[in-house]
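Undergrad: In terms of the numbering used here, the sequence shown opens at residue 1447 and continues consecutively.
What the hints contain is simulated information worked out from the structure, not anything from laboratory work. Incorrect hints may appear among the rest.
Estimated spans, in silico, between C-beta atoms of each pair [unchecked claim]:
id, residue 1, residue 2, range
1, 1552, 1468, 41 to 47 Å
2, 1467, 1550, 39 to 45 Å
3, 1547, 1515, 16 to 22 Å
4, 1558, 1525, 20 to 26 Å
5, 1450, 1522, 37 to 43 Å
6, 1554, 1458, 17 to 23 Å
7, 1502, 1465, 19 to 25 Å
8, 1550, 1468, 42 to 48 Å
9, 1562, 1482, 32 to 38 Å
10, 1579, 1542, 40 to 46 Å
11, 1507, 1554, 14 to 20 Å
Every value quoted in this text rests on a predicted model; they were computed, and no experiment measured them. Beta carbons are placed, not taken as given, at the ideal position from N, Cα and C, and that holds for glycine.
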Amino acid sequence: MYDNLAPRLAQVLTEYSVPVKPGDLAVITGLTTAEPLMVALFEALVRRGAHPSVRATFPILNEIMLELGSDEQLAYQNPVPLAMAENMDAFFMIAAPINTRQLATADPARLVLGQKSREKWWEAYRVRRDAGQVAWNV
């Protein structure tokens, strides 16, 4: 019964929730724990003629950066996500946390520093989303 759940959900996401057109740049983000759905979504996007781009991350990476990264590294504004936010046509964020308390013991000041580094990305995304230039699904 669940064997084909991810492909079916990917079809619903790309045909109804966020209708993707040929030539669209579709960004998929999520934790590696969401691999089955991310792979199915990638396949559905390719079948619809879109240009999928996947940004998968490991749950432990945030912990490593918060523990070992310098303030300069935490504050660094990576231009890659900003370029994606400025150019993507569709955005799929797949949330699949395995430990909802993962950063509970992290230094709040360092968390804020890391969050501030992503403000330009979020602002670019919000502006385009609110203008109807980016279809999205979380």
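Undergrad: It remains to establish, for every hint, whether it holds in the given structure.
TA: Here is how each hint holds up against the structure:
For residue 1552 and residue 1468, the Cβ-Cβ distance of about 43 Å falls inside the hinted range of 41 to 47 Å, so the restraint holds. Between residue 1467 and residue 1550 the C-beta distance comes to about 42 Å, which sits within the given range of 39 to 45 Å. For residue 1547 and residue 1515, the Cβ-Cβ distance of about 21 Å falls inside the hinted range of 16 to 22 Å, so the restraint holds. Our hint of 20 to 26 Å for residue 1558 and residue 1525 holds, since their Cβ atoms are close to 21 Å apart.
At roughly 41 Å, the beta-carbon separation of residue 1450 and residue 1522 lies within the given 37 to 43 Å, and the hint holds. A hinted range of 17 to 23 Å for the beta carbons of residue 1554 and residue 1458 is inconsistent with their spacing of about 38 Å. At about 24 Å, the CB distance of residue 1502 to residue 1465 agrees with the hint of 19 to 25 Å. Between residue 1550 and residue 1468 the CB atoms are about 44 Å apart, so this pair conforms to the stated range of 42 to 48 Å.
Here the CB-CB span from residue 1562 to residue 1482 is close to 33 Å, well matched to the stated 32 to 38 Å. For residue 1579 paired with residue 1542, a C-beta distance near 27 Å fails the hint of 40 to 46 Å. Checked against the hint of 14 to 20 Å, the C-beta distance between residue 1507 and residue 1554 comes to roughly 19 Å, which is consistent with it.
The structure is inconsistent with the numbered hints 6 and 10, although it conforms to all the rest.
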